[in-house]
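S.K.: Letter by letter, the chains look like this.
There are 2 protein chains.
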Amino acid sequence: MPSSPVRASLGNERLWAFEEELDERAGQQQQQQKVVLGVDGGGTCTTCVCVAAPPPTNGDNLPYLSRVETGCSNYNSVGVEAARRAIEESMASALKQAQVPRSAVLSVCLAAAGVDRQVDIDAYRAWMSEVFPQDVEIFVQNDSVAALVSGTAGKLYGCVLVSGTGTIAVGFNEAGKFARASGGGPLLGDQGSGYAIASQALTAVMRAEDGRGPPTSLTGAILKRLNLSSAEDLIGWVYEDTSWARVSALVPVVKSCARDGDTVARGLLENSVSELACSVKAVVKALGLDGRDGRNSFPFVMVGGVLENDNGWDLRRPLVNKILGMFPGAQPIISKLEPALGSAMLAWSRYEDRHSKTAQPTTEHGALGIV
Amino acid sequence: MPSSPVRASLGNERLWAFEEELDERAGQQQQQQKVVLGVDGGGTCTTCVCVAAPPPTNGDNLPYLSRVETGCSNYNSVGVEAARRAIEESMASALKQAQVPRSAVLSVCLAAAGVDRQVDIDAYRAWMSEVFPQDVEIFVQNDSVAALVSGTAGKLYGCVLVSGTGTIAVGFNEAGKFARASGGGPLLGDQGSGYAIASQALTAVMRAEDGRGPPTSLTGAILKRLNLSSAEDLIGWVYEDTSWARVSALVPVVKSCARDGDTVARGLLENSVSELACSVKAVVKALGLDGRDGRNSFPFVMVGGVLENDNGWDLRRPLVNKILGMFPGAQPIISKLEPALGSAMLAWSRYEDRHSKTAQPTTEHGALGIV
Chain A
1 MPSSPVRASL
11 GNERLWAFEE
21 ELDERAGQQQ
31 QQQKVVLGVD
41 GGGTCTTCVC
51 VAAPPPTNGD
61 NLPYLSRVET
71 GCSNYNSVGV
81 EAARRAIEES
91 MASALKQAQV
101 PRSAVLSVCL
111 AAAGVDRQVD
121 IDAYRAWMSE
131 VFPQDVEIFV
141 QNDSVAALVS
151 GTAGKLYGCV
161 LVSGTGTIAV
171 GFNEAGKFAR
181 ASGGGPLLGD
191 QGSGYAIASQ
201 ALTAVMRAED
211 GRGPPTSLTG
221 AILKRLNLSS
231 AEDLIGWVYE
241 DTSWARVSAL
251 VPVVKSCARD
261 GDTVARGLLE
271 NSVSELACSV
281 KAVVKALGLD
291 GRDGRNSFPF
301 VMVGGVLEND
311 NGWDLRRPLV
321 NKILGMFPGA
331 QPIISKLEPA
341 LGSAMLAWSR
351 YEDRHSKTAQ
361 PTTEHGALGI
371 V
Chain B
1 MPSSPVRASL
11 GNERLWAFEE
21 ELDERAGQQQ
31 QQQKVVLGVD
41 GGGTCTTCVC
51 VAAPPPTNGD
61 NLPYLSRVET
71 GCSNYNSVGV
81 EAARRAIEES
91 MASALKQAQV
101 PRSAVLSVCL
111 AAAGVDRQVD
121 IDAYRAWMSE
131 VFPQDVEIFV
141 QNDSVAALVS
151 GTAGKLYGCV
161 LVSGTGTIAV
171 GFNEAGKFAR
181 ASGGGPLLGD
191 QGSGYAIASQ
201 ALTAVMRAED
211 GRGPPTSLTG
221 AILKRLNLSS
231 AEDLIGWVYE
241 DTSWARVSAL
251 VPVVKSCARD
261 GDTVARGLLE
271 NSVSELACSV
281 KAVVKALGLD
291 GRDGRNSFPF
301 VMVGGVLEND
311 NGWDLRRPLV
321 NKILGMFPGA
331 QPIISKLEPA
341 LGSAMLAWSR
351 YEDRHSKTAQ
361 PTTEHGALGI
371 V
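Top line first, the protein sequences correspond to chains A and B. Position 237 (the first sequence) corresponds to 237 in the UniProt record's numbering; numbering is contiguous. Position 250 (the second sequence) corresponds to 250 in the UniProt record's numbering; numbering is contiguous.
If we strip away everything but chain A, and leave its shape as in the complex, we get:
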């Protein structure tokens, strides 16, 4: 069987040039390893993993054939062209690393930030269909869904809170009903996101500078990090490149200042905790995950740089306390798998679901939580 019947004119040809080499060796191979691709496209970077199909059953330690990171693929932040380029580069590089052509891909799941509406999904799916051979299954959804699945070993149930550059809370109940809160990006007030935290910190520096707000150690710490000499220089800095990731990269500075006792920094992180809890509450209530008595058990997955315990002031502990105060049955989960692997899980389980009538899945894949 020839290994690469791809439409060579489609996609960015340069990226896929490696397939010709594979073609030349195709005659020697017995059978091509089939794979699935999981893509996690976020506001900071895009990660693609290539996983052998069928994947092994142990969801806690899903091995991959290759893993690649490229740039931001939230098209609301960087535009459609740059987003697609980051995604295509991540997929091509992952397949090249794994030495597998597109024709061996059973299924791709693109879980991307900024994908919110059916029109977003349709546009991405149409474009992905141009990049891959016709029989490759393509699934597109918001990146938060992959994040949920990465914490529930493949099961689409419970609530996930993502707080990286942006923030979103989504969830599914047992009946498959979906709900979300936040996720509109910086211009629609995603309170509790890395961007919001960093942006409020910059504002606090300006307020301290002109006398509207109290002095804060954020001033010295942020200026030092950005190698600027005065608060006024922030105006030039902030408008010379308005990409969201650039601003949210200041979150560790804010966490350090809060850890060291700065009340302004601590105040805005405490406010972020309240806002994040507010998003989770909205999703849990919309889905009734807490049950009639408010004590039902459900997975509560936390993902994203803001919630990582990175030696600064820890947002996670007060957040979990707040959530457990409202919902004693919530099971806090720090996912051991990265969202890109959750995306690969969805790629496989949905592929299997589609093909279950013609080819019954073997029981050993059950642990992946076919939906």
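You may find that some hints are simply not true.
Which copy is meant is left open, because identical chains are indistinguishable; a pair holds if it fits in one copy or across any two.
Pairs of lysine to aspartate or glutamate, EDC-like flavour, derived with a Cα cap of 20 Å [claimed, not checked]:
hint: 1; residue 1: K177; residue 2: E232
hint: 2; residue 1: K281; residue 2: E209
hint: 3; residue 1: K177; residue 2: E20
hint: 4; residue 1: K177; residue 2: E209
hint: 5; residue 1: K281; residue 2: D122
Worth flagging that the hints you see were computed from the coordinates, not collected in a lab. Model, not experiment: these values are computed from the prediction.
Based on these hints, arrange chain B on the given structure of chain A.
M.R.: Frame of chain A; chain B shown alone:
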């Protein structure tokens, strides 16, 4: 005297083509009317007025030879090229309307939003020097200074609060000391600006939609104004064009909802009033405008669309009450002159100041408050 010894290759030649016609008629004229240009470059539009020099003494009713409006010239919002184009178009059109060539301009004052640092001033001045003949005096400053002068009949004394698309408070004391608060633009949290109000209103709609916040009539009113069918559509709308003026154009909708009793809309306007008062307080305190006993008299000029009484919920009254509560000596002024005329006043007074040793100003110009 030939009327147009301009360097024809400089500036955008197409804009200045009218000068050739004027050149042809130059021989018939006795003497070219000298003029000054005042430019007010804001986040929503750019206004240029052409005023005969010397201007008449009545500061409350400064007549102009021509007046032109072009697009936004805050380069932090639209970029340097678009900002310069808007400014040059406004100046060329104003001179064309007045039938005056560049060689008849004594002085130009460009008062522009986004001009904050010495580097901004130097860059604009260098560019303006390329557009005008060498002996034209060029003054560049933040637009708020022209707004102050428009309310004080030319005197650089007191405090001005501008709240349009952006917001800034600046002031001068008797000793000529300058202070400012806010003015960093949306990314640095200009609370109380039109952009901030509208952006918070959009956020309130998202919060109402996903259950984080209470229902609000802002949802129906904003979707109707934007001709969208659901709150989710706002995500697409807000990122398809991120110009600030487009967002802040929603302020009248917020004011209407607040006037009609919507508590969410009213809450965020009340918060804006507090933030604007906070900016004014910072400037007054930094300059000691209120004096040792806190009761000194000083002009408090209010400018900008947000503070206009336009049939919606009125921000101005509670703001003035708040300011008078803090500073009983503040003299609230709604400028009768638009900021572009303030800019023209500065163009003239500074020109006169520069030339006062060689040509003593006549007393009749004293009312313009030569500084």
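S.K.: Which earlier hints can't be squared with this structure?
M.R.: Structure breaks hints 3, 5.
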